[in-house]
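**Student:** Chain residues, written in single-letter form:
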Amino acid sequence: AQSVAQPEDQVNVAEGNPLTVKCTYSVSGNPYLFWYVQYPNRGLQFLLKYITGDNLVKGSYGFEAEFNKSQTSFHLKKPSALVSDSALYFCAVRDRVSGNTPLVFGKGTRLSVIA
Amino acid sequence: DSGVTQTPKHLITATGQRVTLRCSPRSGDLSVYWYQQSLDQGLQFLIQYYNGEERAKGNILERFSAQQFPDLHSELNLSSLELGDSALYFCASTPATNTDTQYFGPGTRLTVL
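Protein chains in written order, with my numbering: chain A, 1 to 115; chain B, 1 to 113.
Mixed in with the good hints, there may be bad ones.
[To be verified] If we take Cβ atoms under 8 Å as the criterion, some of the chain B residues that face chain A in the derived model are:
{"hint": "1", "residue": "Ser-2"}
{"hint": "2", "residue": "Phe-45"}
{"hint": "3", "residue": "Gln-48"}
{"hint": "4", "residue": "Gly-52"}
{"hint": "5", "residue": "Ala-56"}
{"hint": "6", "residue": "Asn-59"}
{"hint": "7", "residue": "Phe-90"}
{"hint": "8", "residue": "Gly-105"}
Hint data in this document are derived by calculation from the structure and do not stem from the laboratory. Ideal placement from N, C-alpha and C gives every residue a C-beta, glycine not left out.
If we strip away everything but chain A, and leave its shape as in the complex, we get (with noise of 0.2 Å):
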């Protein structure tokens, strides 16, 4: 069974510092891997995938977030941190050889960029 961990409830950080969410995952075989944004009372918005190729995806906004195998990862990452960044973080896992699947969903992340 495909599964999701986003170890943190909340992530604080100063505006113009790096910050980092995280995500962990676990499939039988290899993964499909997605992070979205939802900002208050919206929907879920796409932010980046990796398929296949360069483990550093590069998304929308400046987010950036690199797939690593050994550790079954994919932190979502960005150089320096705006207020508006300010939001509900998700990262979602699809295996790869289970056909259409649903996507899986992590618990999510709060992120809040304080001025």
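Put chain B on the given structure of chain A with help from the hints.
**Tutor:** Just chain B now, with coordinates in the frame of chain A:
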């Protein structure tokens, strides 16, 4: 704007009642997914339809049902509502393949009193 629309935006109803939530996928997308988001359970996958056929089922209660119509819009029916059904309900759509990103609608906030 993701291109996925959901109506209504808010719904307030009483226990025991039945409601219908509607989702229109992005133009050309064949797959529709329904999710429930609550404070204690996070984002839970309910059910997926592909081109009118049920494709996958998640943690969907027997009191809940869904369908996808020939024009590809989908409806989620929730019956015998309980207080614990209060949540945000999202739908998402994709064209078809496994690698495709899911695009989410703005959600319907259901409050059961």
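**Student:** Next step is simple, just say for each hint if it's right about the structure.
**Tutor:** Evaluated hints:
For Ser-2 (chain B), the suggested interface contact is upheld, since its CB lies about 7 Å from the closest CB of chain A, less than 8 Å. Interface hint at Phe-45 (chain B): satisfied, since its Cβ lies 5 Å from the closest Cβ of chain A, which is below the 8 Å cut-off. Interface hint at Gln-48 (chain B): satisfied, since its Cβ lies 6 Å from the closest Cβ of chain A, which is below the 8 Å cut-off. Evaluation of the Gly-52 (chain B) hint against chain A yields a violated restraint, the C-beta minimum of about 15 Å exceeding 8 Å.
Look at Ala-56 (chain B): its Cβ gets to within about 5 Å of chain A, closer than 8 Å, so that hint holds up. Hint on Asn-59 (chain B) is violated. Least Cβ distance to chain A is approximately 11 Å, over the 8 Å limit. With its C-beta approaching chain A no nearer than about 6 Å, Phe-90 (chain B) sits inside the 8 Å limit, and its interface hint holds. Hint status for Gly-105 (chain B): holds, given a least beta-carbon distance of 5 Å to chain A, under 8 Å.
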